[in-house]
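Chains as they are written, first to last, in the numbering used here: chain S, 1186 to 1539; chain R, 20 to 234; chain G, 8 to 232.
No lab work stands behind these hints, which were simulated from the structure alone.
Careful, some of the hints might be misleading.
Stretch by stretch, here's where chain R covers chain G in the computed footprint (C-beta under 8 Å, at least three residues) [unchecked claim]: (1) 20-31; (2) 35-43; (3) 49-55.
Heads up, the beta-carbon is just placed ideally off N, CA and C, and yes, glycines get one too.
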Amino acid sequence: MTNKAQIEIRTSPHAHSGADVVQIMRTVALALLPLAGWGVWRYGLSAALLLLTTLLGCLLAERLFNRMRGQPSSLGDWSAVITGLLLGLSLPPGFPLWMGLVAAFAAIGLGKALFGGLGMNPLNPALVGRAFVQAAFPAAITTWTPALFDGRFTNPVPSTLAWPFLRPDDIGPWLHERAVDGFTGATPLALMKYEGQSIPLTDLLMGGGAGSIGEAALLILVCGLFLAFKRMLDWRIPVSIMASTALFAWLAQLFDPSAPGPLIMLCSGGLMLGAWFMATDMVGSPMTPLGVLIYGVLIGFVTEVIRLFGGLGEGVMYAILLGNAAAPLIDQWTQPRVFGAAKARTSASARKSA
Amino acid sequence: MSLHNPHIDWQTFTDGLWKENPVFVMLLGMCPVLAVTNSAINALAMGLATTFVLLASGLLVSLLRHQIPKQVRIATYILIIATFVTIVDYLIQAISLELYNALGAFIQLIVVNCMILGRAEAYASKHRVAKSLLNALGMGLGFTFALLCLGVVREVLGAGSLFGVDLFGSQFEPWVVMVLPPGGFIVLGGWLLLFEWLRERRAAAQLEKEAARAR
Amino acid sequence: MSQAQPDSLQHQTPALRMLVTLGGVAMLSGFLIVLVYQLTKPIIEENQRLAIEQMVFKLVPAASIRRDIELAPGLSVYAAYDEQGRLKGVVARGAAQGYADLVHLLYNYAPDCDCIKGFDILKMAETPGLGDKILTDKAFLANFDYLDARLDGEGKQLANPIVTVKHGKKQEQWQIDAISGATVTSRAVGKAINDSAQRMLPLLQPRLDEIRQIQPGQKPSEQQP
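Isolated chain S (complex conformation) (with noise of 0.2 Å):
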């Protein structure tokens, strides 16, 4: 009867390593920089702009939604940075500056302030932009430029300026200008599966022909691990996803020798991206370890069944989408066994099994 009242009853977590949201969120978008910078290089002012038109659209539209739905502003946790930096560098850097726009307001208020803000959100925001602009512009965002052209830094591609509303002009005239070799205006993939021509590998891994601001696999693998040392996010995601992609790539090639392989399907096409960035949100995302799995191995064998057989190209995108809207029934079938609960488990499933 005499220090009953010290025991405190909590649920877990009982110990927290210190990290809050915002801190995971600003190290996340820390880590998105050099990727962003390195899209610059390549792709000079036009990439630049779209990084900044998409990264103010996100913070706009997070403080326009705060205001309406009368709460106090969240511009501090940085997720709507992350989501504008994201959803910049999953675009062509030709993609018009207006349509960035478009895509932030959608990836904030379709895929945020509709569900109730951070933490709610089902699906990744920047994906349901990118999402809404693929369905809304279909040509625009399969409109690639080259890279490394001269004088990026000073001339932006054509179509980056079109005026709101207006219908970017032709870049074919630009691109003769250019007189750039062999580019054909087609990304890796659908170079391999439409016209059977291979890239070089190394071009893949910097990020060389046709692609989005952010494709360069090796430098997301970089930033992603660093993110994962400091476990920020959780390894486990990116790895299966990848692991998975490359066995049924390999599969696929054991049957149809043209398909492309495991290393181009993991290093084109935005999956890199896709999987160390987009599938590791931590809201979208399963919680157990069993789930998690699941999850990237459902990402990685969607994305290559829309690649091989689909209409698209790329499938990354939807992939995710697909396994962020099935990640709570993960979650449920994944529930790790209460202590001491046994039987009732197996009765369940012997049940089902029956």
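Keeping the supplied structure of chain S fixed, place chains R and G upon it in accordance with the hints.
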């Protein structure tokens, strides 16, 4: 209610337009709402066709309301509604083949729009002809208004035109998603959000006024 | 109110009364429908005729007279004549799977050059902005200025099947240069025309001379409004 009410009941008319709007409040007839609102003219045609069926079936059901035995009333209503849907089908074909092709199967599907059977069962079978007609007209115009709300937004963004008239010139970049099915859901959600917000604000203002009066 | 005598209705409604009601309403319905059908029938037929005619004459600009010819059960083509009664083109239907759904089209076979000249889409659900370039892309439409459709020696099939090739790979007159970025839809156009022409032309060719003769009842002079 007295048998001879010289006063026309406007309430039953305006309810359908706003307070009991079939789309924005009751969320009925979602299939045509989402499917044929990819342009303003389609939305208008669909709304008017539905209004015609509502009016005609409401008239007939109300006229026959004492003659129809309860046991076969649903079958009778469906028969009446189907008749007028078929008539509308022929009429639209005669007016414009292009419009008919654009609306596709959704004209025939007016017959399964639960709003129409709902009106017949819940209102026309229990009220006098004039009232039933007013109610049907209110509901029909409310439905048309809602379809137009969706159709206008989707056509302006998705095709850069309104009722087929080009608004922004040839350089306009259409938002393809808006004329595709997802656009229907997104725009409907947007309108629902807006109207719900307005309604809430009005309710809050009402409460405040009452509170002030009580004080 | 209407519920004045609900009890009497609910308890005992003779079956005959139900039958009479349903039958009466059904008769009224039938009468109304037939009435409207009769009234609108000529207008609808006129509309349909105009719609087809518009498309046929758009494909064969020189023509002003149209005749329907049934080559085989279920396979009809429209022969288009100019004012002097000369056969200018034969318009047939085709369909093939596109990106989203079947692409239905009409194409014009010109007997004078033994080639396909022009096509028009009846119905498609291709992605706006990408797939529908097949109607606007000038380079793609240029394929149909002259598209070789000669039959082989036996007259059983096309000498060279019409195929869509990748953008920039066109070498022969029977090949269609695809639009880059809309390859699937371009292929659907080629396949639709090829499938239809392979079936239609062998049936059409033997009857061409007969078709060239405009039927006596359809003198050009009578066709003028």
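Violated hints, by number in ascending order, as checked against the structure: none
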